[in-house]
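2 protein chains.
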Amino acid sequence: MGTELFTVLPVSEARAELARHLPHELRKREQKPLLQCLGRRLARPVVARENVPGFARSTVDGYAVRAQDTFGASEGLPSLLTVTGEIRMGSAPRHGIGAGEAMRVATGGMLPPGADAVVMVEHTEQVGERNIEVGRPVGPGENVIGPDEDVKSGEEVFPANHLIRPQDLGYLAALGEVTIEVYAPLRVGIVSTGDEIVSPEEKPGSGQVRDVNSYTLYGQVLSLGGDAWLYGVAKDDPKLLEDKLNRAYRENDLVIVSGGSSVGTRDHTAQIIVELGEPGLIFHGLAVRPGKPTLGGVVGGKPVFGLPGHPAAAMISFDLLVAPLLRFGSYEKIKPGALPVRAVLSRSLASAPGREEYIRVKLRREQEKLYADPVLGKSGLLAPMVEADGLVRIPLESEGVTAGTEVDVYLFGTDYTL
Amino acid sequence: MGTELFTVLPVSEARAELARHLPHELRKREQKPLLQCLGRRLARPVVARENVPGFARSTVDGYAVRAQDTFGASEGLPSLLTVTGEIRMGSAPRHGIGAGEAMRVATGGMLPPGADAVVMVEHTEQVGERNIEVGRPVGPGENVIGPDEDVKSGEEVFPANHLIRPQDLGYLAALGEVTIEVYAPLRVGIVSTGDEIVSPEEKPGSGQVRDVNSYTLYGQVLSLGGDAWLYGVAKDDPKLLEDKLNRAYRENDLVIVSGGSSVGTRDHTAQIIVELGEPGLIFHGLAVRPGKPTLGGVVGGKPVFGLPGHPAAAMISFDLLVAPLLRFGSYEKIKPGALPVRAVLSRSLASAPGREEYIRVKLRREQEKLYADPVLGKSGLLAPMVEADGLVRIPLESEGVTAGTEVDVYLFGTDYTL
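Those sequence lines, one after another, are chains V and S. Residue numbering for the first sequence follows this note's numbering, starting at 1 and increasing by one per position. Residue numbering for the second sequence follows this note's numbering, starting at 1 and increasing by one per position.
Any given hint could be a false lead.
Identical copies carry no separate label here, and so any pair may be met within one copy or between two of them.
As the list claims (entries may be wrong) - For lysine-lysine, the following BS3-like pairs were computed, each having C-alpha atoms within a straight-line distance of at most 30 Å:
1) LYS335 / LYS362
2) LYS362 / LYS152
3) LYS378 / LYS152
Think of the hints as simulated: they come from the structure by calculation, not from any bench.
Turn these sequences into a full structure, and let the hints steer you where they fit.
Here it is as structure tokens:
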């Protein structure tokens with residue numbers, strides 16, 4: 001039974017222990033049309049199959065020239081060039097240019113053979129029908145993007161597991177990557193438990209509260225590209241939790257039991273994880289505050305977690321244990337994510353050595369400084385959870401941080417790695 | 001025709017001019033089940049209809065007591081209390097407690113009438129079958145969340161337009177808000193134009209490049225909760241652009257023509273916006289770099305934009321003009337969003353007074369400092385667009401920022417307001 005093997009592990013050990021029983025990659029791969037890939041992660045590196053733009057391209061409206069023909073040009077002593085034509089957008093020039101010649105080209109137009117620079121139209125003057133005066137010299141390559149200056153064929157443009165943002169959709173489009181191999185969303189089953197918990201549709205009776213964790217965790221899973229399924233609240237009847245957990249286990253890649261707040265509920269959850277199969281429960285506590293009453297297990301290669309009943313604690317445990325699997329497919333492949341930002345801690349925070357602490361903070365701007373105000377409050381309160389902008393970590397062996405220190409803030413909504 | 005009325009406006013004026021012709025709110029409202037509301041915005045404030053938790057609730061496992069019965073208690077001289085029962089989770093206690101009495105309660109359990117504090121089980125010792133010794137005093141309210149301590153009935157918990165994050169789903173669940181009135185996504189039609197642009201499925205010929213902007217803008221619209229529809233590339237035939245734009249106008253709440261890079265294409269787009277209806281084109285340039293060749297128009301109360309051909313410029317123009325409409329429904333209701341973060345600029349940036357500049361930066365951590373490295377590159381290059389983590393603004397009248405200065409960085413992915 002759970003409480004007898006009361007194993008409290010630091011986060012790194014908890015991850016390592018779970019990793020021993022998990023596959024190297026939990027996620028499946030799938031081919032998706034580019035437009036469906038926002039927020040997905042690449043299942044393999046993207047290597048450019050051609051040069052971009054693929055031809056020498058003007059970055060301004062002006063005249064394609066041989067740079068050497070403009071050397072020494074000034075407004076007092078302009079270079080006189082003969083305009084031999086105009087380059088049509090989206091077409092190859094019909095002929096090249098020779099010494100003393102120029103062709104009109106618009107922004108994005110292709111340079112003709114012989115040309116190696118573009119003079120901006122503002123630096124030219126029309127002289128008669130066929131000539132221009134250039135009042136300023138251009139160097140070779142000026143106002144031109146070379147054929148492989150944006151992307152070289154064979155170059156790796158994105159590593160595997162890269163998270164696809166709006167600008168990446170455009171970049172992949174430029175490369176002609178219209179079908180992308182991405183990781184499929186992990187399917188996560190969420191079961192709620194605790195005799196005091198009722199579904200949000202219900203009016204709570206005396207001593208009852210509505211289910212918060214299922215909804216918060218649902219949002220967290222979706223935010224990280226997962227596919228979340230709620231299995232509702234299992235209470236009163238121990239058999240009900242067992243049934244829900246069994247079904248969630250069969251139907252999902254990963255299972256979260258969001259615990260009631262009492263020790264009794266937790267013990268019961270631990271027991272069911274043990275009974276679910278091998279290897280079962282791996283640890284029975286995390287050296288983290290808030291988040292200590294976290295259960296971690298693996299059954300037949302699938303992770304099964306018992307998260308704390310307190311919503312703020314459940315969110316932290318999720319970030320530490322579930323998020324890495326959604327983001328990287330395994331604990332072994334965890335990489336640094338979005339950089340934490342820096343802010344001045346506005347009040348001192350004490351911490352007990354021997355456990356990591358995560359403090360919710362709200363950012364505040366005063367003069368030119370960014371401050372992190374700890375959002376404190378009794379454990380179990382919901383309001384601090386929605387007031388905060390991010391998290392500050394106090395490491396395992398630290399005794400705290402004093403006010404006025406610059407600290408790292410992991411901003412909610414950014415792709416951070418804790 | 002476009003070029004004759006060449007009106008270049010600063011951003012604030014561009015927004016004000018457009019606002020004169022736009023409705024006060026572009027978005028419709030709709031009722032949605034809570035689980036479909038992640039990333040949506042509230043169409044009205046949420047006001048709590050009841051107290052949360054609704055009863056005095058223990059935050060620890062222990063004994064509900066009258067605080068006064070523990071005054072002066074110490075390990076040497078503990079208070080002796082009679083345990084009159086145990087409180088079942090999720091139920092009202094069957095009776096209250098009187099002087100010298102205690103009831104066993106688990107975390108989250110309801111306090112019995114008469115009790116005003118909870119002694120942690122760690123600070124008690126069982127004495128015989130019916131008594132405990134309390135070795136430490138508790139104050140009134142200690143280890144208890146009061147009935148309205150988390151949320152008071154009648155309190156506004158979220159203002160209108162609040163963006164719903166994972167933790168907010170949980171909070172709304174706690175309040176029993178299972179159907180939420182949110183803003184419906186704005187439907188945005190995206191047309192691409194430019195004789196040099198081909199669809200990403202095509203192999204570009206000489207002088208041609210693939211459509212980047214449609215895809216980047218598609219991602220930007222989706223990221224902000226909009227509903228994006230691509231109308232493909234209109235090129236060569238002027239009539240084709242007119243047809244696509246007409247159709248996009250009829251079928252959407254907002255239309256973006258993502259321009260080719262040349263002046264000719266822009267003029268043509270301007271003309272079509274004028275012909276689409278009243279009031280038509282409002283301005284023909286934005287005092288922003290990159291982003292100057294931006295067209296802003298309104299036709300019959302619908303915004304129609306011509307964004308620059310350069311992808312990085314199109315993204316900035318989108319952030320300045322389209323994003324506020326997606327996020328706030330009108331320019332009049334723009335509010336500060338996520339705070340920019342602070343970082344040390346690693347190289348000096350010059351700027352021309354009279355226009356705002358937006359510089360893409362990559363964040364870098366060195367020692368304890370966060371640096372913002374400008375991602376520079378010729379205009380029209382794609383690579384800088386995907387390398388950057390955020391934007392630094394140089395205001396309209398500034399001549400630049402010197403290296404070593406702390407600057408504000410608007411982080412991509414956060415809900416910032418430019």
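* Of all the hints given earlier, name the ones this structure violates by number, lowest first. => none
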